[in-house]
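Protein chains in written order, with this note's numbering: chain F, 725 to 1100; chain S, 471 to 787.
Don't read these hints as lab results, they were simulated from the structure.
No experiment lies behind these values; they were computed from the predicted model shown.
Mixed in with the good hints there might be a few duds.
Sample of chain S residues at the chain F side, in silico, Cβ under 10 Å [unchecked claim]:
1) Val548
2) Glu569
3) Tyr573
4) Arg588
5) Val624
6) Arg657
Cβ atoms here follow ideal geometry from the backbone N, Cα and C, with glycine treated the same way.
Here is how the chains run, residue by residue.
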Amino acid sequence: MPLHDVGYRGWTGRRRGPGQAIGVIMTTGIRLAWTSRWLRRALLFAWSPALFFAASFFAFEQAIDEGRLSSMRDGARMGRNLDGVGMLGTVLADTLGRQSGADAPKTEEEEIAQTRRLVWSRLLLAFVRAPQAVLLAVVVGLIAPALISRDLRAKAWLIYFTRPVSRLEYILGKGLVLAVIIAGITMLPGLALWLMGVLVSPSVWVAVATWDLPLKVIASSIVLMVPTALLALAYSSLTAESRIASFAWFATWAACWIAHSSLTTADMMAVANDPAARVDRDPSGSLWGDFDAALGGADRPPPRKVRWFAKAAGLDPAIDPWAWISPYHSLGVMQGWVFGIERRPQAILPPLVALVTLSVISIVILWRRVDAPARA
Amino acid sequence: MQASDAAPVVVDGVVKQYGRRTVLDRVSLDVPPGITGLVGPNGAGKSTLVRAMLGLVRLAAGSVRVFGLDPVTSPRQVRQLVGVVPEDECTVPGLAAVEMVRYAARLSGLPSVEALRRAHEVLDWCDAGQERYRPVETLSVGMRQKVAFAAAIVHDPQLVILDEPTNGLDPIERRAMLGRLQTLARRHGKTVFVSTHVLPDVEAICDHVIVLAGGRVRLAGSIESLTRPAAAETRLEGTGPLDDLAERLRRAGLAARVADPRGIVFPTPDAAGIAAVWGAATAAGVAVSSLAGTHRPLEEVFMQAIATSQEPGHAAA
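Chain F extracted, bound-state conformation:
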């Protein structure tokens, strides 16, 4: 017996109220997940795309500082390909090429403010929509499958459900583990990009002018978090083998992506064979809309290396009719809506319904499965 053993003593302190369990489950889950070397590497890698986007922010503000915005606008209106300066050029070509008519800014300051707002929005949208959403799928696939399945295998559910922990608290605690990690992939680097943009801009008042962008980054991250965390946890609750849950997670993303690509390709082939259908599908009359004009004419599609970015940044005006079939593409559409770049109901509703359905099914599965062993 140790010298400092004081024997058994009662405890009469004041207990914390309901809800503490959520924070306890979350912090412990994050700490356990953080012990994975692969997760630490993946998170570090997940910040690397931010460097490329940071370069675009810097180049844009540098162009403004050097007074090159007017010449770039003229170039874009004449159809000059600005892709030579990378992602920024792609966004600028579209943004500057559109500025005409009643919406055109009256003064140079207005033009700068308007252009900055649009360019930053599109860069941030492209950032959270393309590289971060893919990295999110990978990182969530690394940690989420074990979150509940490990509890089932180690019978740790007995630790939770023999204590004052409700199903809701358990699910929220586990969900917040994922939410925090997802925030580390999308929200934090997105906010860091905006902050860096403010710091390299000529005035700190840019922060006031673009105040809504950080909120949009947060909102788009939440759009990513909710369905992905629920789906990943639902898979995890269905099996005591995390490998199976992990396989199901990646298989879902891959299969839906392939299905989306196949259907889209089939659609494009049909459109190519029937020009009348092209107008039906896209009110702008072109699958690539103004973007083609800005990059060298409607007859020539944008270069393949730019196409992913054009879609991610919301430059492609065509409605993706099959977005609802793939979580990745559905989430992209919803993020475009959050950033105010996609506003058409016919584009937003199918993915929205698909994601809500997916989330509801996941919640039902989770609700029934998390304490199923206790009831068996």
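Dock chain S against chain F, hints included.
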């Protein structure tokens, strides 16, 4: 046992079915203060009864009250008052022993610093302090059992429910564990409910015992009353000519018999009779080492209850 409001746990007419199989069939019992043992063969419904006490299973009929609270409608309040050591090993892989006990404390509502202090304290009391920084999944079975016990009592519950608490413990640790349960019950006023197959454990520490078989309560009562023989008998143990002593007692009117080479048994006499027994022992040259009332071994009581329950057409106790 008759239900009473004073009992920490009152189970009244509980029926639980899984599909067509009735696991608990109109079970009514009390768990009084002190240490109560729940014994029964495999599949008797012991684990289901424990889960019913925690509100984890939906009952077809009947009710359970834990300290007057319904575990189904007030699960949070009930579980704050209860600590459970499950039969199955349950761990959170990756956590050290002290972290796991602290985790359990925090899930029960203890503040962070208090949870850590309590975790160290109860691990020391459970004699698991030397292994506290090792991950739980690397601990021996016995050490894991002690950590699970520490996690169950870290929030100072009023009712401690243990399912096979001495599983995986060596004889010394087993005795120490039983001693801890007695300390909790006798010195700290906790109600301890032990579900086990190990009848000597029940006999050693329990005040009351409940025999559950086939989803029904077959026997319930204090150990003393259940193991009391039908006719009061006294056993004398000693060294010397026990045959001669037995003969002398028979001549004195006591139907004595040699039970085994160490003792003889006879109907419990009155005070004068006891004096006569001492006199006969002195005359026969027997050195008496003990003279005490006999009791039936709990195992015999248990086997009889189980055998009765398996008779065709037997009604519930």
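Verification of the supplied hints:
1. Val548: Since the shortest Cβ distance to chain F is 8 Å, the answer is holds.
2. Glu569: With a minimum Cβ separation of about 8 Å from chain F (threshold 10 Å), the hint on glutamate 569 of chain S holds.
3. Tyr573: OK, holds: tyrosine 573 of chain S within 10 Å of chain F, min 6 Å.
4. Arg588: This interface hint holds because 6 Å falls under the 10 Å limit.
5. Val624: At 8 Å from the nearest chain F Cβ, valine 624 of chain S passes the 10 Å test, so the hint holds.
6. Arg657: Result: holds, 8 Å to nearest chain F Cβ.
Violated hints: none; the structure is consistent with every hint.
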